[in-house]
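Chains as they are written, first to last, in UniProt numbering: chain A, 1 to 340; chain B, 1 to 340.
Derived from the structure by calculation, the hints contain no laboratory data. Ideal Cβ positions, reconstructed from N, Cα and C, are used throughout, including at glycine. Check before you lean on any hint, since a few could be wrong.
[Stated by the list, open to error] What follows is a list of derived Cβ distance ranges for each label pair:
1. E245(B) x N16(A): 48 to 56 Å
2. E245(B) x A199(A): 43 to 51 Å
3. D275(B) x L42(A): 33 to 41 Å
2 protein chains.
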Amino acid sequence: MRAVVMHAPGDVRVENVADTEIIEPTDAVIRVTAACICGSDLWPYRGIEEVDGPARMGHEYIGVVERVGPAVRDIGVGDFVVGSFVASDNTCEICEAGFQSRCVHQVMMGAIGTQAEYARIPHADGTLVKVPGEPTEAQARSLLAASDVLGTGWFAAVAAEAGPGKTVAVVGDGAVGLLGILAAKRLGAERIIAMSRHADRQALARRFGATDVVEERGEAGVARVRELTGGYGAHSTIEAVGTQESMMQAIHSTRPGGHVGYVGVAHGVELDGMDLFFSTVSLLGGPAPVRRFLPELVGLIMSGEIDPGAVFDLTLPIEEAAEGYRAMDERRATKVLLTL
Amino acid sequence: MRAVVMHAPGDVRVENVADTEIIEPTDAVIRVTAACICGSDLWPYRGIEEVDGPARMGHEYIGVVERVGPAVRDIGVGDFVVGSFVASDNTCEICEAGFQSRCVHQVMMGAIGTQAEYARIPHADGTLVKVPGEPTEAQARSLLAASDVLGTGWFAAVAAEAGPGKTVAVVGDGAVGLLGILAAKRLGAERIIAMSRHADRQALARRFGATDVVEERGEAGVARVRELTGGYGAHSTIEAVGTQESMMQAIHSTRPGGHVGYVGVAHGVELDGMDLFFSTVSLLGGPAPVRRFLPELVGLIMSGEIDPGAVFDLTLPIEEAAEGYRAMDERRATKVLLTL
Chain A
1 MRAVVMHAPG DVRVENVADT EIIEPTDAVI RVTAACICGS DLWPYRGIEE VDGPARMGHE
61 YIGVVERVGP AVRDIGVGDF VVGSFVASDN TCEICEAGFQ SRCVHQVMMG AIGTQAEYAR
121 IPHADGTLVK VPGEPTEAQA RSLLAASDVL GTGWFAAVAA EAGPGKTVAV VGDGAVGLLG
181 ILAAKRLGAE RIIAMSRHAD RQALARRFGA TDVVEERGEA GVARVRELTG GYGAHSTIEA
241 VGTQESMMQA IHSTRPGGHV GYVGVAHGVE LDGMDLFFST VSLLGGPAPV RRFLPELVGL
301 IMSGEIDPGA VFDLTLPIEE AAEGYRAMDE RRATKVLLTL
Chain B
1 MRAVVMHAPG DVRVENVADT EIIEPTDAVI RVTAACICGS DLWPYRGIEE VDGPARMGHE
61 YIGVVERVGP AVRDIGVGDF VVGSFVASDN TCEICEAGFQ SRCVHQVMMG AIGTQAEYAR
121 IPHADGTLVK VPGEPTEAQA RSLLAASDVL GTGWFAAVAA EAGPGKTVAV VGDGAVGLLG
181 ILAAKRLGAE RIIAMSRHAD RQALARRFGA TDVVEERGEA GVARVRELTG GYGAHSTIEA
241 VGTQESMMQA IHSTRPGGHV GYVGVAHGVE LDGMDLFFST VSLLGGPAPV RRFLPELVGL
301 IMSGEIDPGA VFDLTLPIEE AAEGYRAMDE RRATKVLLTL
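Assemble the whole structure, with the sequences as input and the hints as a guide.
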């Protein structure tokens, strides 16, 4: 089958690889109908994270179930499904507490690679959510967003305790930050401050619910957020980048007693204990437990209440994956959808 | 009047200093009936924090109101009062959200110094809580504990979301850690793991509600907590030391989705972003908003439901303050009460 393989930073190819098989009795194999390129795929592409030999890529997916292992009970052949970027049993104590991304039996889908014609899904019953009916093309795009960027933005907004009466600041205007805005709006936030300096992303931010845009970054951005919030800072801040500057910007933009939800995969971040101590904010982040939110998100998408698929601004056949990576790396695209 | 003054690390003296006056119209002056030495006073005593010239010491206090400024409404001369180590207006948005220790008009009582015959209390109406009736000597000791160590341990337990069904780990067996145990018990925690290697403190930990004691530290302590919790880690962890080792011990002892309440003043702590990201725990800490809890704590103490004063294991007249500092530094005492 055809699959995307990264050989080295900047070197992405589409190749023939071995067919996908059931390995564990709880596995399913799906025919991937769409996959996408994630902001986190750019870390190895840019050489910031090591590329471990020729590596299969991709962890977001929607598709149709082709085969199931003998222990799979709830998911059946022919089901249209979406799952999270972390496969989880959804039954351990950690999953039951809503942290499926840290399931004791977790499997990172990135290690399997979903930018491919077929993908093995471990713990199929725990990982996959069945989509009712046949999604339209627009709904399919939104379901694909739910697999990671929407679910991750949603988790960040929940972790930041976005809600009625709250002012939410959002650091990062990539797909996750933008969908964090959508989530904050949906959760009832009163005011949403998008921190962005790109006109096209500002427009999408406003469409998703941002009420204010701050172009300044770093401590200047912090000062502007404080100015907009009577000197107090935001109640809730979403961090969706993962750098030292963005983490500091998020923590310092938040008022004492406020909450920071951080989902940008931390690269080179060091938090000074004394600074954090006197910030007196709640910090919650990490790989998002997307599975917790998927049933609700699928419902909102299929009923047309949210349209997260709007973050995809470039669609390419999988054979042109290399161009997709280039476009995201060069910021010509916010989020690339790969068709199969 | 007589007051404790630190001249240099290890050099604590009791001296005559200028009398205490009302400065702001919202001030009160109290006659201090008891003060104490805090674990955080040991940082400058040990030279880990700089001593800024001859410095007045002390931030915990109970006493009787002597004088009030013209703008003080709720507190009157003759009231027996207790207050937090941070003076706060208790009316700003940060105070109203329960984070009085970060009040926009905060005054650190340590900069005033309460190890003295009299103390000026800024924002008297916002800072002080009136004690109903005349406390017994035992109640007075407990009220003094409420001023910082009990209030701080309580905040840590609340920040760690200790409660029914939860397993709580407590890193640090000083007064704050021990009273964090008392708080966790009172909040309904099912199981409380005290991390301590001192027999006397273990005994007090058990008296306050600890169900298990772990003597190992660092990663060995983490392994033991995981062993005691089915491999998952604690739901809630209280950090009450403030070192790199204790913070790592607290974070790594906590299960994904769990909560860490950290109240040890961070010294030389650096949190690695990637480690924190994949820990996927909630972190909340900082200077405890003791004022939030004081009315409730005063009630529990005066009704005899809690006995936090048991942490004081050495009582000295203020003239012997230097010996009190030595005893705490050498770990001959957990918490020293100074009488006036």
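query: Any hints this thing doesn't respect? Which numbers, in order?
result: 3
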